[in-house]
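Heads up: the sequence lines are chains B and U, in that order. Terminal number for the first sequence in our numbering: 228, no gaps in between. Terminal number for the second sequence in our numbering: 771, no gaps in between.
Everything labelled a hint here was simulated from the structure, so no lab data went into it. For every residue, glycine included, the Cβ atom is placed at its ideal position computed from N, Cα and C. Just so you know, not all the hints are guaranteed correct.
[Claimed, not checked] Facing chain U, from chain B, some residues (calculated, C-beta under 8 Å):
#	residue
1	ASP30
2	ALA53
3	GLY139
[What the hints assert, rightly or not] In silico negatives: residues of chain U with every beta carbon more than 12 Å from chain B:
#	residue
4	GLY252
5	PHE278
6	LEU359
7	ALA461
8	PRO690
9	PHE748
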Amino acid sequence: MAETVVPIHDHTVEETHLRHHFATPEQQMDAATLGMWTFLITEVLFFGGMFTAYAIYRGIYPAAFASTSEFMNVKIGATNTVVLICSSLTMAMAVRSAQLSNRAGLIKYLIGTMIFGTAFLVIKGFEYHAKWVEHLVPGFNFAFPEHPEFAHNAQILFFLYFCMTGMHALHMIVGLGLLTYLLIQGSRRVFHANYYAPVEMIGLYWHFVDIVWIFLFPLLYLIGHWHL
Amino acid sequence: MATIAHGTPEIAAETVNYLNVEHGWKSWLFTTDHKRIAVLYLISITLMFFVGGLMAVLFRINLLEPEGIFSPETYNRLFSMHGIIMVFFFLVPSIPATLANFLIPIMVGAKDLAFPRVNLLSWYIYVIGALLTMYAVIRGGVDTGWTFYAPYSSTYSNSYVLAAAFGVFTAGFSSILTGLNFIVTVHKMRAPGMSWGRLPLFVWSNYATGLIQVLGTPVLAIVLLLLAFERIAHVGIFDPNIGGDPILFQHLFWFYSHPAVYIMILPGMGVISEIISCFSRKRVFGYSFVAFSSMAIAVLSFVVWGHHMFLTGQSMYTSLAFSFLSMMVAVPSAIKVFNWTATMYKGSVSFDTPMLYAFGFIGLFTIGGLTGLHLATLGTDIALHGTYFIVAHFHYVMVGGMVMAFMGGLHFWWPKITGRMYPEAWSKFAALIVFVGFNLTFFPQFILGYLGMPRRYHAYPPEFQALNVLSSAGASILGVGYLIPMVYMIWSLKNGPKVGPNPWGAAGLEWKIPSPPTTFNFDETPIVTEEAYNYGPLEEVIG
Chain B
1 MAETVVPIHD HTVEETHLRH HFATPEQQMD AATLGMWTFL ITEVLFFGGM
51 FTAYAIYRGI YPAAFASTSE FMNVKIGATN TVVLICSSLT MAMAVRSAQL
101 SNRAGLIKYL IGTMIFGTAF LVIKGFEYHA KWVEHLVPGF NFAFPEHPEF
151 AHNAQILFFL YFCMTGMHAL HMIVGLGLLT YLLIQGSRRV FHANYYAPVE
201 MIGLYWHFVD IVWIFLFPLL YLIGHWHL
Chain U
229 MATIAHGTPE IAAETVNYLN VEHGWKSWLF TTDHKRIAVL YLISITLMFF
279 VGGLMAVLFR INLLEPEGIF SPETYNRLFS MHGIIMVFFF LVPSIPATLA
329 NFLIPIMVGA KDLAFPRVNL LSWYIYVIGA LLTMYAVIRG GVDTGWTFYA
379 PYSSTYSNSY VLAAAFGVFT AGFSSILTGL NFIVTVHKMR APGMSWGRLP
429 LFVWSNYATG LIQVLGTPVL AIVLLLLAFE RIAHVGIFDP NIGGDPILFQ
479 HLFWFYSHPA VYIMILPGMG VISEIISCFS RKRVFGYSFV AFSSMAIAVL
529 SFVVWGHHMF LTGQSMYTSL AFSFLSMMVA VPSAIKVFNW TATMYKGSVS
579 FDTPMLYAFG FIGLFTIGGL TGLHLATLGT DIALHGTYFI VAHFHYVMVG
629 GMVMAFMGGL HFWWPKITGR MYPEAWSKFA ALIVFVGFNL TFFPQFILGY
679 LGMPRRYHAY PPEFQALNVL SSAGASILGV GYLIPMVYMI WSLKNGPKVG
729 PNPWGAAGLE WKIPSPPTTF NFDETPIVTE EAYNYGPLEE VIG
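Just chain B, with the same shape it has in the complex (with noise of 0.2 Å):
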């Protein structure tokens, strides 16, 4: 049989994705970031209004949001915390993969960092169903016969935990999203040495997330937490 030399489809050395109305990959690499980072800051300030909120009803019903801190599981929020900062360490591994060419480095640490970003919503999960079953849901079956007097604003408090909670893993779902997006690409391979601005971009957003969870966590968890 001759052997004839059937060139190798291979996309992953020379091809850079450069599209038609950039001049450079470097101009291109650094729009990309630009506008990463600009995205992040509108979600900083996205945040901020729910934070401001907290802040705000903290400082006025003091006493109500302290009474609450004794439904919030300080051992699930740690978890989850714990779980989220090794999908951040897994997704920073799988961006240095993708730099390095590494495709099975890049697929392993997404599959990982999905692995960790499923568990943070599935753990979460638990900590909804078991609020609904204590009946801390407000609006649909709240009571608060340990502290009557609270009822009313501690209310305020847990609405609050479900927004933004909920908008946090309302990101992570999109997070997740992403990740496939990403995953399918990288077994496709292409995504190398000169072009991984995808996996970079998107491993931003996923620290972002991550980080928002490191301010909720002492927020809605830990404060109030003294006389344990």
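Based on the hints, put chain U in the right spot on chain B.
Okay, now just chain U, sitting in the frame of chain B:
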């Protein structure tokens, strides 16, 4: 005096440009060309402008009679929807999403915005937001005023607040994406030699606008989301009956919506800089001051929101600080007005239609700006707050300022966008009608407000009728003034004389490429070697 140097018809007869390069609706709805997206936006915001205008016509009819003609509920819904549509669906996207979308890549010497697909996405988001709001209109509208103040929008809501708020929430993301695109484009897409100091002032003002859109709009999004959650779950965030704080709503709302006022004027200021420079044949006087005054306005815009709340239970010292900071905004605004007039001084001034609108802008914006000082002053604001004085003030800025600038810019760049000139006599006539109609509509409202007529009431004491009838009559003239350009501009698409690349003899990269431009704007990346507004020897005469 600059005259229109019409190109011979052959120039643009057979060339391929962004308009004729592809045909069919798919080539428009799936385009990523910033120029086509600008045209899509132009059509959409024009439709919304006329819907919002129709509401204004209806409530001006109501105000012909002291006791009102429609029911109070109808009147409340009319003025609320007028405000919501005009602010969020016309004024905020007006110049950025149309003229700036079209021009910024060309002005910085790029082939497109940094993120063309995001640009298209922003238009789709805008359309979805507009459809949601129109759904609210058709189902019966909203009666909260454009501010969605709690508890009108929560406890006492009896209208389609959720749909309208969700429409505004959605449209906000389109605004964010436009601003983000501009910021990245100006930073990263400038042609070789296009330094920050050579950027046209139109680019500077839209860059400043982009900063406000990116920093302010997310807060509006979250406040509307909290409002929606509150209504769904019935938990007090803003509703005082169940432990909420309505003043928090006002703080969060105005944290966006006062900066948004500058989203609605800064791009207009950029247009005026371009027009005045071109029709005075001179470099803009004090270029760097005008450029940095845009940035100063953007920064100050975030620390003045409290002047909307002098009468809503804010501490006296907070009010003092906000009063002082609000007056500070007058400084960069005045720098711009003085520099525009200094640009015209000893310039070779001509009176083409865009320049007529620019003259209108300077006069009306000055009145609007100076009356703003009345309202930033604590003592006078207590008397004028919530009266027609406020209504007149912000219409002088937004309609007398922004809409004038939008019309001026549209006429200025119309030959670039379409490749054809509009009929000159009609356009001058319309500009005059708009100016007369505008003043007749809104100047009486200053007097009404000073005499104490409160805004947002469907009825008023009979002694105010003469001024109200005057205002309604002016509104009908203003309406005609907007309809005439609508007709002749559509007419000019087929019948206007074709123009060459630079019908005004203007400086700037956009006038060096064909009219209409090709899809990628430049055949090869331009290299910029001169400052903006390089209008020849006259520049030296003034020094």
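Going down the list of hints, with the structure as the test:
no.: 1; hint: ASP30; result: holds, 5 Å
no.: 2; hint: ALA53; result: holds, 6 Å
no.: 3; hint: GLY139; result: holds, 3 Å
no.: 4; hint: GLY252; result: holds, 21 Å
no.: 5; hint: PHE278; result: holds, 31 Å
no.: 6; hint: LEU359; result: holds, 23 Å
no.: 7; hint: ALA461; result: violated, 3 Å
no.: 8; hint: PRO690; result: holds, 45 Å
no.: 9; hint: PHE748; result: violated, 7 Å
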